[in-house]
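**Q** FYI, in the numbering used here the residues of the sequence shown are -11 to 187.
Please note: incorrect hints may appear among the correct ones.
[Claimed, not checked] Cut-off 20 Å, straight-line C-alpha distance, at most; resulting in silico cross-link-like pairs (SDA-like, lysine to any residue):
(1) K78 / A49
(2) K24 / K63
(3) K63 / D77
(4) K78 / I10
(5) K63 / I38
(6) K(-1) / P39
(7) K24 / M51
(8) K63 / P39
(9) K63 / K78
(10) K78 / P94
(11) K78 / V47
(12) K24 / D52
(13) K63 / G73
[To be verified] Between beta-carbon pairs, the in silico distance windows are:
(14) D131 / V15: 37 to 47 Å
(15) Q71 / K24: 21 to 31 Å
(16) V15 / P84: 11 to 21 Å
(17) Q103 / R72: 42 to 52 Å
(18) P94 / Q71: 36 to 46 Å
(19) P84 / E46: 27 to 37 Å
Note that these hints are calculated values from the structure, not bench results.
Backbone N, C-alpha and C fix where the C-beta goes; we use that ideal spot for every residue, glycine too.
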Amino acid sequence: MQDPHMNELFKLIHSLSPDLVITSTSVNPLPAVAAKRIGIPLMWLLCEVIPETPWTDEVIAFMDRSSDWLIGISKAVINPFQQRGISRDKTAILYPSWEGAKLGAPNTWPLYAEQLRERLGVPNSDILVGFVAADLVPHKGLDHYAILAVALSRMYPNLHFVIAGHQTDPNYYQQCMQTITDAGCRARVHTLPFHADLR
-11 MQDPHMNELF KLIHSLSPDL VITSTSVNPL PAVAAKRIGI PLMWLLCEVI
39 PETPWTDEVI AFMDRSSDWL IGISKAVINP FQQRGISRDK TAILYPSWEG
89 AKLGAPNTWP LYAEQLRERL GVPNSDILVG FVAADLVPHK GLDHYAILAV
139 ALSRMYPNLH FVIAGHQTDP NYYQQCMQTI TDAGCRARVH TLPFHADLR
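Please model the complete structure; the sequences and the hints are all you need to start from.
**A** Take a look at the structure:
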């Protein structure tokens, strides 16, 4: 409540007089605090898994107190709340969706795929298995994907793998890539930076 931005938030909420406030991501608590203080229902929309730390219980308890609904985009996002006894009536999963029209004409997708395969050196006859995350961090599971890539590449010589995302945690990323390199299948694992327009 001592944050200097709280007064501006209160003014904004009063001027708009909303029926509902939606707070996006766990790192955005000020709108939740303001809405709760004014008495406006709050939906906390979560797109990320809250990592387990010594503070996780306290963070989840705070989010529970500050919200009317906790909505996650996957079971993995919602599980920490339900495991701590937060009511299933208060939690829900709303899976991500996308609008195909915003991704360009579908008839261009095969050409895009062909160009990407050519750039990566993956023949059309081979299967490409992808891992995409905005941030390549432990709770996204890149280490599991690396183990999967190693196991499957030994069994299926026509499989290639692609990892797309920001190397937000360089040490973790290097550990995952070392798993792949040590297994001798690095040539079949391709990396790309994060790209918002994936087709």
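**Q** Hint check: K63 vs G73, CA-CA at most 20 Å. Holds or violated?
**A** Since the Cα atoms of K63 and G73 sit roughly 15 Å apart, the hinted pair holds (cutoff 20 Å).
**Q** Is the gap between the beta carbons of D131 and V15 within 37 to 47 Å?
**A** violated, 23 Å
**Q** Does V47 lie within 20 Å of K78 when you go C-alpha to C-alpha?
**A** At roughly 16 Å apart (the allowed maximum being 20 Å), V47 and K78 satisfy the hint.
**Q** For K63 and I38, compute the direct alpha-carbon distance and say whether it is at most 20 Å.
**A** Holds: K63 and I38 sit about 12 Å apart, inside 20 Å.
**Q** Should the hint that Q71 and K24 are 21 to 31 Å apart at their CB atoms be regarded as holding?
**A** holds, 23 Å
**Q** Has the given pair, K24 with M51, been kept, meaning a C-alpha gap of at most 20 Å?
**A** Roughly 11 Å between the alpha carbons, so the hint for K24 and M51 holds.
**Q** Check the hint pairing K63 with D77 against an upper bound of 20 Å on the C-alpha distance.
**A** holds, 15 Å
**Q** With respect to the beta-carbon atoms only, verify the hint that Q103 and R72 lie 42 to 52 Å apart.
**A** holds, 47 Å
**Q** Measure nothing beyond the straight line between the CA atoms of K24 and D52; if it is 20 Å or shorter, mark the hint as holding.
**A** holds, 11 Å
**Q** K63 and K78 were given as a pair; does the straight-line alpha-carbon distance stay at or below 20 Å?
**A** holds, 14 Å
**Q** Straight-line Cα separation of K78 and A49 no greater than 20 Å?
**A** Given that 20 Å is the threshold and the Cα spacing comes to 13 Å, the pair holds.
**Q** Holds or violated: 11 to 21 Å for the Cβ distance of V15 and P84?
**A** holds, 19 Å
In summary, the numbered hints that this structure violates are 2, 6, 10 and 14.
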